[in-house]
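Colleague: Here's the letter readout for the chains.
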Amino acid sequence: MNSFKNIFDTYNWEEIKSSIYSKTSKDVEHALSSEKRTLEDFKALISPAAVPYIEQMAQMSSALTQKRFGKTIQMYAPMYLSNECNNICTYCGFSFDNKIKRKTLTDAEILKEVEVIKNNGFNHILLVTGEANQTVHVDYFKKAIELIKSQFANISIEVQPLETEEYKTLHDAGVYSVLVYQETYHQEVYKTYHPKGKKSNFYYRMETPDRIGITGVHKIGLGILLGLEDWRTDSFFNTLHLDYLQKKYWQTKFSVSFPRMRPAEGIIDPNVIVSDKDLVQLICAYRLFNEDVELSISTRESEKFRNNIIPLGVTSMSAGSKTNPGGYSVEPDSLEQFEISDDRSAQEISKLISESGYEPVWKDWDKTLA
Amino acid sequence: MQLLNIAGKEFKSRLFLGTGKFGSAKQMEQAVLASGSELVTVALKRVDLETDTDQLLSHLQHPHINLLPNTSGARNAKEAIFAAQLAREALETNWLKLEIHPDPKYLMPDPIETLKATEELAKLGFIILPYIHADPVLCKRLEDAGTSAVMPLGSPIGTNKGLKTIDFLEIIIEQSNVPVIVDAGIGSPSDAAKAMELGADAVLVNTAIAVAGNPSSMATAFKMAVEAGRMAYESTLAKQLKHAMASSPLTSFLNE
Numbered sequence: 001m002n003s004f005k006n007i008f009d010t011y012n013w014e015e016i017k018s019s020i021y022s023k024t025s026k027d028v029e030h031a032l033s034s035e036k037r038t039l040e041d042f043k044a045l046i047s048p049a050a051v052p053y054i055e056q057m058a059q060m061s062s063a064l065t066q067k068r069f070g071k072t073i074q075m076y077a078p079m080y081l082s083n084e085c086n087n088i089c090t091y092c093g094f095s096f097d098n099k100i101k102r103k104t105l106t107d108a109e110i111l112k113e114v115e116v117i118k119n120n121g122f123n124h125i126l127l128v129t130g131e132a133n134q135t136v137h138v139d140y141f142k143k144a145i146e147l148i149k150s151q152f153a154n155i156s157i158e159v160q161p162l163e164t165e166e167y168k169t170l171h172d173a174g175v176y177s178v179l180v181y182q183e184t185y186h187q188e189v190y191k192t193y194h195p196k197g198k199k200s201n202f203y204y205r206m207e208t209p210d211r212i213g214i215t216g217v218h219k220i221g222l223g224i225l226l227g228l229e230d231w232r233t234d235s236f237f238n239t240l241h242l243d244y245l246q247k248k249y250w251q252t253k254f255s256v257s258f259p260r261m262r263p264a265e266g267i268i269d270p271n272v273i274v275s276d277k278d279l280v281q282l283i284c285a286y287r288l289f290n291e292d293v294e295l296s297i298s299t300r301e302s303e304k305f306r307n308n309i310i311p312l313g314v315t316s317m318s319a320g321s322k323t324n325p326g327g328y329s330v331e332p333d334s335l336e337q338f339e340i341s342d343d344r345s346a347q348e349i350s351k352l353i354s355e356s357g358y359e360p361v362w363k364d365w366d367k368t369l370a
Numbered sequence: 371m372q373l374l375n376i377a378g379k380e381f382k383s384r385l386f387l388g389t390g391k392f393g394s395a396k397q398m399e400q401a402v403l404a405s406g407s408e409l410v411t412v413a414l415k416r417v418d419l420e421t422d423t424d425q426l427l428s429h430l431q432h433p434h435i436n437l438l439p440n441t442s443g444a445r446n447a448k449e450a451i452f453a454a455q456l457a458r459e460a461l462e463t464n465w466l467k468l469e470i471h472p473d474p475k476y477l478m479p480d481p482i483e484t485l486k487a488t489e490e491l492a493k494l495g496f497i498i499l500p501y502i503h504a505d506p507v508l509c510k511r512l513e514d515a516g517t518s519a520v521m522p523l524g525s526p527i528g529t530n531k532g533l534k535t536i537d538f539l540e541i542i543i544e545q546s547n548v549p550v551i552v553d554a555g556i557g558s559p560s561d562a563a564k565a566m567e568l569g570a571d572a573v574l575v576n577t578a579i580a581v582a583g584n585p586s587s588m589a590t591a592f593k594m595a596v597e598a599g600r601m602a603y604e605s606t607l608a609k610q611l612k613h614a615m616a617s618s619p620l621t622s623f624l625n626e
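Residue numbers (our numbering), protein chains in the order written: chain G, 1 to 370; chain E, 371 to 626.
Next comes chain E alone, as it looks inside the complex (with noise of 0.2 Å):
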């Protein structure tokens, strides 16, 4: 399979993690190993930089794992900005899953002010993942403004219905120049098979592995799907036939 290059970074898997609504830092850690993510992402609201035993980051601590910190909880570009300052700084790293959601009922992402940030993100040099929504006119306006992905959403964020705005991504995936991440609402390997089938680059998923019955095996078969999903995508898929080839052909006159 191929690698996935995101910013020029190589990445092997291409199943992101959340690590936020597990039972327990452990069984998060259980479950990013088993999934074979090497991203995952950790909300800066979430990690407490005042102390170095920190229960997320410490349990993140392979080599093979790279955090991408979130802004979740920011409500404006300002705000976004500033806590990515901030996560820079204390994360050491400089790519950022930007998410700007001022609707606290169904977080869904603001595009204006996803849109702004992105432009002043990226002058300050940050290697930006936008959390949006499935809008391919807004996907084109992030990559003019200097992002290095974009993360539509399959259905609202923690709703587990999977792909509702397929028809959506199938035209982000056909127009964009940079990596398809579907971000939300896949809620079963399946969905996630059926993403990276369409073509997408990667998915990310965290609601439905943290709230499993069993996390860590259900990360196994989130893994599983991606990879299936992904080798479909490269060995061509067979395409659906709408209607059965007719019997009387209208072109054989051609050959006599």
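So that you can see chain G by itself, here it is in the shape it has in the complex (with noise of 0.2 Å):
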């Protein structure tokens, strides 16, 4: 498969880490000037370098959003279908490893959940699993579209990677957007990362997007998690990665978020903290790099952060979210993949993005364009 492997084969960890962190602060000041901006320019504003500029990158960016988005943020809700998972990963709270009770809605279930996600306002939802093939699989998720399509404008899926088959049959049931994330470009650690299932097969996580691309779903998410490995780094890959992508899909558009490590059942400490600075110069260089990408802040952020982020170039942002299976209603305490930090409800974060004066939008999209 002619897929981002090819690309990625060429690049050193090590050298491009180095290249990162000897960006001057004259490599930084090119790359504000430029008009458009290449991958070089974006190390130099993801670098230390870049670090006492971010002010005017806030301000770059807040009005680069302006333009192309307009003064809105976009409004959804994550329901986790399943905390099945047969993966071991070392930072999550659904690892294979961690033995707590586990928990795939059913269809009634599943019915019950939107009742209260409708209720909040959602017209945009993002249905959420863990990776368990012999329960939680492509007939699975088609029969869970299937039932609640008649209630969402959009839909979109972060589920296990799947084959190209497979996300041709969800889009032709209505998916608009697949999200899967790298969590780490480090290719040596991914492995202790990831040490048992079939997410450790680091090649085969990284062609999903290559995989979803061909078929022709509507947006595509990407994203590292960050806490795992130098996040300047990891997000130089992930932003190759979008580069690429975006040459070759151009029918697609495209996402990032941005999840930083949580506290969770069961599960290590982060190996590197991103501060609330990093995570705002990190948002804020994506904007000065590529104008039209989406980008999402979900409630694993606390409160001020979420306060202040909206101005600075996010696109989207979920409300009031559950990160269990019938969190929102059927099972309250079943297992959560995180803690999440900012609890307000779908209509604070509304009246909040009003306050902040931009339009909270609940909907931008028709099934009828699918």
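These aren't lab readings, by the way, just hints derived from the structure by calculation. Watch out, some of these pointers could steer you wrong.
Said to hold, decoys possible - Examples of chain E residues lying across from chain G (beta carbon under 10 Å, computed):
{"id": "1", "residue": "D418"}
{"id": "2", "residue": "P472"}
{"id": "3", "residue": "N576"}
{"id": "4", "residue": "F623"}
What the hints assert, rightly or not - Calculated pairs, DSSO-like style, for lysine-lysine (alpha carbon to alpha carbon, straight line, at most 30 Å):
{"id": "5", "chain 1": "G", "residue 1": "K248", "chain 2": "G", "residue 2": "K198"}
{"id": "6", "chain 1": "E", "residue 1": "K531", "chain 2": "G", "residue 2": "K304"}
{"id": "7", "chain 1": "G", "residue 1": "K247", "chain 2": "E", "residue 2": "K531"}
{"id": "8", "chain 1": "G", "residue 1": "K219", "chain 2": "G", "residue 2": "K67"}
{"id": "9", "chain 1": "E", "residue 1": "K531", "chain 2": "G", "residue 2": "K219"}
{"id": "10", "chain 1": "G", "residue 1": "K367", "chain 2": "E", "residue 2": "K531"}
{"id": "11", "chain 1": "G", "residue 1": "K36", "chain 2": "E", "residue 2": "K448"}
{"id": "12", "chain 1": "E", "residue 1": "K382", "chain 2": "E", "residue 2": "K475"}
{"id": "13", "chain 1": "G", "residue 1": "K219", "chain 2": "E", "residue 2": "K448"}
{"id": "14", "chain 1": "G", "residue 1": "K247", "chain 2": "G", "residue 2": "K168"}
{"id": "15", "chain 1": "E", "residue 1": "K486", "chain 2": "G", "residue 2": "K168"}
{"id": "16", "chain 1": "G", "residue 1": "K5", "chain 2": "E", "residue 2": "K475"}
{"id": "17", "chain 1": "E", "residue 1": "K382", "chain 2": "E", "residue 2": "K493"}
{"id": "18", "chain 1": "G", "residue 1": "K36", "chain 2": "G", "residue 2": "K17"}
{"id": "19", "chain 1": "G", "residue 1": "K247", "chain 2": "E", "residue 2": "K486"}
{"id": "20", "chain 1": "G", "residue 1": "K142", "chain 2": "E", "residue 2": "K448"}
{"id": "21", "chain 1": "E", "residue 1": "K493", "chain 2": "G", "residue 2": "K247"}
{"id": "22", "chain 1": "G", "residue 1": "K17", "chain 2": "E", "residue 2": "K475"}
{"id": "23", "chain 1": "G", "residue 1": "K168", "chain 2": "E", "residue 2": "K448"}
For glycine and all other residues, C-beta sits at the position ideal for the given N, C-alpha and C.
Since each chain sits alone in its own frame, please combine them into the complex, following the hints.
Modeller: In structure tokens:
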């Protein structure tokens, strides 16, 4: 398969890292004054040398985002369908070796959860699972999508990597976008974070967006897990990946999420701490490099951070989220993937967005367009 | 000033507005009212047809404001035609801003799919205003297909770069048998005035108003610029002279 692997294999983690860390203020100023920014400019913008320029980056990022997306923030809610998982991921609450009762929602339970999510005002939904191919497979997803399709304008999934044919099936069933995060592009340590299960295959995961792209799914979501490895180097690779995909699948939209490691049942501590300042730098750097990529912030982030991030470059936010299957009403105490940090309701977040001078957008797609 | 006539309907205002990108629906409504616009475009994908209290629509309930649903999000003719039919039924208008941009990065309109969709939709009785490149040949092809107007871009959508396509817009305006509405890239009132001076029949503005520090006073500024530009066009602009008049004329012997 002609995939991102061909490009990725020509890069070396340590070389990229040292190149980022040797960027100077001159490189940053060059990047800031360029109209079309290159990957070298992106390196400069995420480098330590750019830290003194964060305010300027934020101003530019805010203006560019408004130009492209207007003063709007899209609202979405995650719905966890299952926490069954056959992978061992040392940072995840759903990890196979975490001996806690597992749950996969039935049709009736899905509808009950949907009722709460709809009552919270949502029209865009993100379906999330672990990886349990025996029980939570493409047929399960297809059935779930068909079950809820009439109630949502826009359905996204964040599930285990699938085959092209399976993505095609789900796209035909009504899936608008697929999210799949590489977690880390550091190939050598990837194996230590993912010692067991299908997820331990680094390349299979990395080639997933290619398998999605050729099906014509409307949007692909990328990301790394912030806290595993050096966030600057990892973000460079994520951007390299994005850049490749955007040129190849030119009819597809892309989004990037910024999950920072959160406390969860039985997981390791973060290897690196990504501060609020780091995250702001990263978000602004993405916007300055890529004017049209959608940037998403979840309830993993604190109230303070979310209160202030709205005008800086993000384009979508979740709210009132539950990260456990049945969390909205069916089984509020089931095993969650991670503790959310901002537990304010969707209505509170909507009000916050309005008060920041932005319009919360609940519907920005129509199923008739699929 | 002359009234603008599109498909038999008359408009006093030659400024059309987009309704996306505003910080709130209220702000959008105020800007639309300040602009004096009588035709505003609404993305079908943003409208919640399942509720009768849709945020966008409920702020556009004024007798002088006509809705122009658009097919933003459609990647090909088939999707656009489907969306158009839904919009016609739900919003009770056969007016349509046809937008087909398969490229989500620069939102470049697809000329092939747009022509295909125009042919089909014209047969289905739609009043079609297609968003297109400033391509004079495509404009003539769309006329043949039954379009009611053409909406060529001034520069890439959302860029506020002004009339980068000016040479092609002039050809389109010169040749067109249907109204020409300059659609994308108009970043400031002076761009709008310039387009009107060239003889464009109308302009459509969204980003430059929605993202302005004060959207409703910017809308007023655009209203004035469009009127000034049109008035200048109708008054026949004095020609620019590239060089001074020769002091020793070459043909004075004819008077001797």
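Colleague: Against this structure, judge whether each hint is valid.
Modeller: Do the hints match the structure? See the list:
1. D418: 5 Å, holds
2. P472: 5 Å, holds
3. N576: N576 of chain E check passes; min Cβ-Cβ to chain G is 8 Å, inside 10 Å.
4. F623: 56 Å, violated
5. G:K248 / G:K198: 26 Å, holds
6. E:K531 / G:K304: 36 Å, violated
7. G:K247 / E:K531: It holds: about 24 Å lies between the C-alpha atoms, which stays within 30 Å.
8. G:K219 / G:K67: 21 Å, holds
9. E:K531 / G:K219: Holds: K531 of chain E and K219 of chain G sit about 28 Å apart, inside 30 Å.
10. G:K367 / E:K531: 33 Å, violated
11. G:K36 / E:K448: Cα-Cα ~34 Å, so violated.
12. E:K382 / E:K475: 35 Å, violated
13. G:K219 / E:K448: 19 Å, holds
14. G:K247 / G:K168: Roughly 21 Å between the alpha carbons, so the hint for K247 of chain G and K168 of chain G holds.
15. E:K486 / G:K168: Judged against 30 Å, a Cα distance of about 26 Å means the pair holds.
16. G:K5 / E:K475: 24 Å, holds
17. E:K382 / E:K493: 29 Å, holds
18. G:K36 / G:K17: 23 Å, holds
19. G:K247 / E:K486: Given that 30 Å is the threshold and the Cα spacing comes to 26 Å, the pair holds.
20. G:K142 / E:K448: Within the cut-off at roughly 24 Å; holds.
21. E:K493 / G:K247: 36 Å, violated
22. G:K17 / E:K475: 29 Å, holds
23. G:K168 / E:K448: With Cα atoms ~19 Å apart, K168 of chain G and K448 of chain E stay inside 30 Å; holds.
Checked against the numbered hints listed earlier, the structure breaks hints 4, 6, 10, 11, 12 and 21; every other hint is satisfied.
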